[in-house]
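Visitor: Listed below are the residues making up each chain.
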Amino acid sequence: MKKLFLNFSNPFLLLFFLMSFNGFSQVSLKGKIIDKESKEALASAIIEVHETGTFLELSPSGDFVLELESKSYTLHFLANGYLPKELHLNLKKDTILTIEMQPSYQEMKEVLIEDFHLKKELAQSSLNIEQIRLDQISKAEQNSLSESLEKKAGLQAFNTGVGVSKPIIRGLMATRVAVINQGLKQEGQQWGMDHGLEIDPFSVGRIQIIKGAASLQYGSSASGGVLNIMEDVLPVEGFGFTLNSRFKTNNQSFGNSLRVTYKRKKHHLNARFSLESFEDFKVPANNFIYNGFNLPLVDGTLKNTAGNSKSFGITYGYSSNNLNLRLNFSNYDQKIGLFPGATGIPRAFDLEDIGNRKDVDIPNQGVNHQSIKLSINQKLGKKWLQSTFGFQRNLRAENSNPLAHGFLQLREDDILAIGLDLTTLSHKSHYSWGKNNWKSSIGIDQQYQKNKRSGWEFLLPNFSNYEGGIYGLAENKINSKFIWNAGLRLQYAFIKSEEHRQGYFANLDSLVLRAGALNKTFFNYSFSTGFTYIPNNNWNHKLNVAKSFRIPVAAELLSNGIHHGTFRHEMGDAQLEIENGIQVDWGSTYQKGRLGTGISPFFNYFSNYIYLNPSGQFSPLPDAGQVYTYSSTEAIHTGGEIFLDYQILKNLNLSYAFEYVYNHNLKTDLPLPFSPPLSQLISSNYELLKSKGYKWNLVLDYRITASQNEVDRNESPTKGFQLLHLKSSFEFKIKNSKINLGISARNLLNTAYLSHLSRYRILNLPEQGRNLIFQTNISF
Amino acid sequence: MKKPLLYLGLLAFSLASCTKDEESDTTAPTIGDVTINGKTEHLTVNTGSDLNFEASLSDNEELGQFKIDIHDIFDDHSHGKKNANPWVYTETTDISGKSQDFTSTVQVENDITAGPYHAIFRLIDKSGNESDFKEIDFLVQNGNQAQISITSPDFSSEVHVDKGDILVIKGQITDNVDIEEITISLGEDAHGKNLDEDIFDADFDLTGSNDLVWDFQADGNVNINIPTTAESGHYVLMVRVEDNEGNLNIFEGEVHIE
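Protein sequences, first through last, are from chains D and Y. Residue numbering for the first sequence is 1 to 780, as defined by our numbering. Residue numbering for the second sequence is 781 to 1038, as defined by our numbering.
No lab work stands behind these hints, which were simulated from the structure alone. Heads up, the beta-carbon is just placed ideally off N, CA and C, and yes, glycines get one too. It is possible that part of the hints are untrue.
[Unchecked claim] A few chain D positions that, by computed beta-carbon distances, are all more than 12 Å from chain Y:
(1) THR95
(2) ASN256
(3) ILE345
(4) ASN613
(5) SER683
(6) LEU698
[To be verified] Listed below are the simulated DMTMM-like cross-link pairs for lysine to aspartate or glutamate, each with C-alpha atoms no more than 20 Å apart in a straight line:
(7) LYS914(Y) / GLU37(D)
(8) LYS819(Y) / GLU1034(Y)
(9) LYS496(D) / GLU577(D)
(10) LYS950(Y) / GLU938(Y)
(11) LYS914(Y) / ASP350(D)
(12) LYS943(Y) / ASP981(Y)
(13) LYS906(Y) / ASP350(D)
(14) LYS906(Y) / ASP359(D)
(15) LYS667(D) / ASP623(D)
(16) LYS310(D) / ASP359(D)
(17) LYS906(Y) / ASP35(D)
(18) LYS692(D) / ASP35(D)
(19) LYS667(D) / ASP805(Y)
(20) LYS914(Y) / ASP623(D)
(21) LYS667(D) / GLU841(Y)
Given these sequences and hints, build the entire structure.
Guide: Now the structure itself:
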């Protein structure tokens, strides 16, 4: 054995020696993943290295390169349409592998999920969790992320025209659904019905959906569920480029997104820039009836519904065996027009002149969302400590004509009706470990926010609030068939707001108190327990029981003014207390051969359910209707989903999904507002071609939505409807690049329908008509 | 394992349906006939005069509140002009019982800009159910708006024309200050609530700074061709004038196409 003599008198040599001396030498693991039957490259697979917690994507030709310390590893290989594969490897030197994956229609049965870093199999979770990877075509096809997820049973979207959409889980939305964007809870005044997600839909790859009570793990605003947008997997070594282009005929929408990645050993950079603009959208109607008046929709176009958005994000990442670090900066800008009748009484004079279809005139809304995030994932021995620090700044503006709202003293170009400037600081630390059959974790989760208001209309005062929680979770695998878990969370919050007085239009010198100063603290707890029973390879049963909480937000306590979001005068109630819920979630699935089926009913009882209730008193503001006050009630919320999946042939699949929500306001003896109607989706996927790197498939979706007659006071019932969507995508390779072309027809039959979950429902405006979408996606 | 859960669900479900003490009122109240000074349309008032509201209101259980909102419908005209001072008025009244004949009076403010206004009437019952709203348009004059005088044809009664005819308008518009814009249209409904296009539409922007007189023939050559393809029926000739102080005046004449 040769002895190497190191000359320590040279400082660089010394430094190099110290840096590389960590007990293990670096080796490279290279390889390729292929389809076991066709032997073709499987570029869509991802690799997970269990011990380092890293996920990695492949180059368009299916290759991967990993730099790891020479140790033992468990590698997981995942790909849609293939059986997952696990490989145990003792890595001592540079290694080259070829991994073969077996095509299967038993999808996602053992997919690994990150259930809060208790890395576990999807099957073992007692909560209803789904993890999906949005393929290129799907994510760009819809108008927004929330609408892309509507295909999943139990998920809906509340939209304001085109481009602004809120996710709904089992009928619960806004402050009852938490959207976590790569580890950071998105804070953008989500209580507002016309406030959409300030997230670039092109940037979303993997998303985890939790249906049901998730307050334990994710805090106050997750009593309905969570949309967890996961971090991008590690990119390929060297440079990587992806270009997405998309054009939609219905509103002449043109969107482009460019992603550039660079990876060199442990460091990587991931940047994305997206731009989109669209014109007024078209509906299959030439008029609408509101309040007995027959009003025009010239050329079937909804005036002033054009918009544009711009988004930029860049992430620097470092990943080694024991440390994963990501630093991300992102900026999102959007401006969307509001249909003129939506913020007052629609006037035929106004509607007869469509004006410029491209520009965004008043009334409109604008949002700018910036965030800086640092996440550090550190391995201490066998345990992981994960921390996320975040800063978010959300600027929202509702613009309209001051003279149309009685503010005659203002100049016509002073259009800022309501301005909201929200700054949020977040911190989350989570420590997890496993021993024998136990997996445990503890954590702290806190957030501080400050809101500043501006504009001539008043809705919310200046306020600051803080929420902090500590929690602990434990999971015990009793045997291969039975796993149970339990957790507890304690939460503390305070809100401090400033008094606000505003001149009354009839006498500007008289200042009317619109919101009193408030100083309030809240304290609550959440617990959850559940079990999973897996009797054999075919059956899986889950049951979860949770006590959840939701702390009322500033808008529910302090608002007092007219909000574009609902076309109403909304008034908060500072006396409101915490919304408590008992939530039971059950799921059973059966999978054998070509058939997969499942049922997931849920039952929730909320005491102190907070919602907007008509007060029976008119607003003193000019042209305003009655005041709606945030009130608390007792409510029952129940329902469930059923799914059926059948592989008719190797390349032909049929699926059926059913969703139903029933709720009841125990005080008013009426349903709660905006309940999603019963809906069914029949879907078929036909693979016409899949060989030699070529893939061509055809997807047909038939949506059948029932009438919704379960309505609250002053809410109109909505007739049922059926929609047909068709989609075809063609994928091929040229040298080292992968090209994907898509054509979709949404609402192929140009059906005129009203959506119960739409901001414009109150005006009886129909939804978008036929929309043809053309896409090209290139990766190289 | 599953059965008890099913029973729990059913029990809760039936409990929910059992908590009905009384029927929840979701029936909206109604605003029956509404008039201002006894009229529902073609109302012209002067500043300083009264507006007498009368409305018959009814509900299946208990009435709550009635609101009247008045504001201008200048529709993008007049704002920004010096001295422009449109009127904004709102009144809310508590009411009770199952039906009520509501009356109220308000004096039209002095010093407000002349032009078209409308009153919106809203009704809610005790439970918070909202009625459809009703509106009445009216014209306010303050003496400073332009005067529209049409000498031919005679609009004191409905004017009859045949398809293919040319409707020749003679007369003058006069004002004590500079006239800025004149809009003349012949269409099915002067208030623009229908969908059909106007038979005639002309917009005159008077660029001078002291246009005090405008002649329909000499300055506007207002000769309206009634197309042979026009639909027979009742139409309205509308002349709308705005002066540099923001005061608007509107003339509506009835025309019948045979």
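Visitor: A separate judgement is required for each hint: does it hold in the structure or not?
Guide: Hints, verified against the model:
1. For THR95(D), the condition that its CB be more than 12 Å from all CB atoms of chain Y holds, with the nearest at approximately 47 Å.
2. The non-interface label for ASN256(D) is consistent with chain Y: the shortest C-beta to C-beta separation is roughly 36 Å, beyond 12 Å.
3. Some Cβ of chain Y comes within 12 Å of the Cβ of ILE345(D); the nearest lies about 7 Å off, and the non-interface call is violated.
4. The beta carbon of ASN613(D) is not kept farther than 12 Å from every beta carbon of chain Y, the shortest such distance being approximately 7 Å.
5. For SER683(D), the shortest C-beta to C-beta distance to chain Y comes to about 28 Å, beyond the 12 Å cut-off, and the non-interface label holds.
6. In this structure LEU698(D) is separated from chain Y by more than 12 Å, as the shortest Cβ-Cβ distance comes to about 39 Å.
7. Restraint check for LYS914(Y) and GLU37(D): the C-alpha separation of about 72 Å exceeds 20 Å, so the hint is violated.
8. Of the supplied pair hints, the one linking LYS819(Y) and GLU1034(Y) holds, its CA atoms being roughly 17 Å apart against a limit of 20 Å.
9. Straight-line distance between C-alpha atoms of LYS496(D) and GLU577(D) comes to about 15 Å, which keeps the hinted pair within the 20 Å bound.
10. Taking the CA atoms of LYS950(Y) and GLU938(Y), the gap is about 16 Å. The hint holds against a cut of 20 Å.
11. With a C-alpha separation of about 19 Å, the suggested pairing of LYS914(Y) with ASP350(D) holds against the 20 Å cut-off.
12. The hinted pair formed by LYS943(Y) and ASP981(Y) meets the criterion: a straight-line CA distance of about 17 Å does not exceed 20 Å.
13. The hinted pair formed by LYS906(Y) and ASP350(D) fails the criterion: a straight-line CA distance of about 34 Å is larger than 20 Å.
14. At roughly 43 Å between alpha-carbon atoms, LYS906(Y) and ASP359(D) are farther apart than 20 Å, so this suggested pair is violated.
15. For the given pair, LYS667(D) sits about 30 Å from ASP623(D) by alpha-carbon distance, which is inconsistent with the 20 Å threshold.
16. Between the alpha carbons of LYS310(D) and ASP359(D) the distance comes to roughly 16 Å, so the proposed pair stays at or under 20 Å and holds.
17. Between the alpha carbons of LYS906(Y) and ASP35(D) the distance comes to roughly 69 Å, so the proposed pair goes past 20 Å and is violated.
18. Taken as a hint, the LYS692(D) and ASP35(D) pair is honoured in the structure, with Cα atoms around 11 Å apart against an allowance of 20 Å.
19. Restraint check for LYS667(D) and ASP805(Y): satisfied, since their Cα atoms lie roughly 13 Å apart, inside the 20 Å limit.
20. Taking the CA atoms of LYS914(Y) and ASP623(D), the gap is about 13 Å. The hint holds against a cut of 20 Å.
21. Pair hint LYS667(D) plus GLU841(Y) holds up; C-alpha atoms about 19 Å apart against a cutoff of 20 Å.
Hints 3, 4, 7, 13, 14, 15, 17 from the list above are not met by this structure, while the remaining hints are.
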